[in-house]
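Chains as they are written, first to last, in full-length UniProt numbering: chain A, 1 to 200; chain B, 1 to 200.
Think of the hints as simulated: they come from the structure by calculation, not from any bench.
No residue lacks a Cβ here, since even glycine has one placed at the ideal position from N, Cα and C.
Treat each hint with caution, since some may be false.
To be verified - Estimated spans, in silico, between C-beta atoms of each pair:
(1) B:R126 to A:L175: 52 to 60 angstroms
(2) B:L71 to A:L175: 33 to 41 angstroms
(3) B:D150 to A:E119: 36 to 44 angstroms
2 protein chains.
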Amino acid sequence: MSSVRPPDPRAVRSRDAALASARELLIEQGLAGLTHGAVAARSGISRATLYRHWPEPPDLVRATLALHITLSQSRPTGDLRADLLTELAGTRAMLHEPASEQGMRVMIERAAVDPKFAEVKEALYRSGTRVVRAILADAIARAELPAELDVDLAIDQLHGPLFFRRLVANRTFDLDYVHAVVDDFLRCHSTKPPRQQGIS
Amino acid sequence: MSSVRPPDPRAVRSRDAALASARELLIEQGLAGLTHGAVAARSGISRATLYRHWPEPPDLVRATLALHITLSQSRPTGDLRADLLTELAGTRAMLHEPASEQGMRVMIERAAVDPKFAEVKEALYRSGTRVVRAILADAIARAELPAELDVDLAIDQLHGPLFFRRLVANRTFDLDYVHAVVDDFLRCHSTKPPRQQGIS
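All chains should be built: construct the whole structure from the sequences, respecting the hints.
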């Protein structure tokens, strides 16, 4: 029996190959192309293996997005402006990386009609906003943001413009745009006197 | 020949029946359910008629959304805060009406992988932001907003939080939320001294 062996390197390679193919299909065709059959055909991994790792299509999308969210999250330093800029730069990167961008688009469409996608989306929303929520809570604790700040609204004001511009207006944007969103937010809410802030 | 007759009332009824069925299918199943075959089966309208009016599925989504956008748009009065509140209340209504909400979700997903959807989405984005753009331009002309205001960013800051909360966070929201978004925006950007603003 194989149950006491360490992870089989071939199994790891199979998993990576399957996710790479899933990623390509998601970028090229959206969710419609992301079937277990299509992933099997492209990756050469058996359907049985695919179903064992990812029983349903939402699991394939989740696997792709969860990796990107983990990679894009920053580690706050206690400097409010710098921390917001770093974290939103990660969000910007996710919105411009073809697989994670398309994964988010798929989630937005499917979550409204498929409970399994809705559940995956809720988990991704929570993990995707965890760091910015912590940054805001810490700044409130340091009295750099007002105690009465509506943190959920603040998250919408920080993330919302980025998502709207990329996914609704279908425009790309650069880091200057992220700076403008963060600096407007701080100008509106910061309890500290404004300082001269460059756009770069 | 029928070419000189006025519009046939039966044709109008057929068109309405087809759009009503398209709307139901969009709400229930998302884009996957919105095929000409399914609309024909539900509405009793022939496929030939459907293809004549709406050659492709994006045309069916566009017909649904265009109507909602037209209905939701307000007529500015020259009072910046009141105009923004009225216009964003219309956006809020679209985000909470099942057919237009689902239509926007479909557009967000499909526009990235289907050029025909991307074209329809661009047209809808332009018409959907036309009034708020006019409100902002008029306020700049009246010097109630600064001449250097980045209007595209301002549109993202006004619409972005609403779209993010409804389509990404998957939360509903009420008019108090719309007031908070507008009042924060004005507090940040208005050239007029702030006045006491109630939340209702």
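Outcome of the hint check:
{"no.": "1", "hint": "B:R126 to A:L175: 52 to 60 angstroms", "in the structure": "violated (26 angstroms)"}
{"no.": "2", "hint": "B:L71 to A:L175: 33 to 41 angstroms", "in the structure": "holds (38 angstroms)"}
{"no.": "3", "hint": "B:D150 to A:E119: 36 to 44 angstroms", "in the structure": "holds (38 angstroms)"}
When held up to the earlier numbered hints, the structure conflicts with hint 1 and nothing else.
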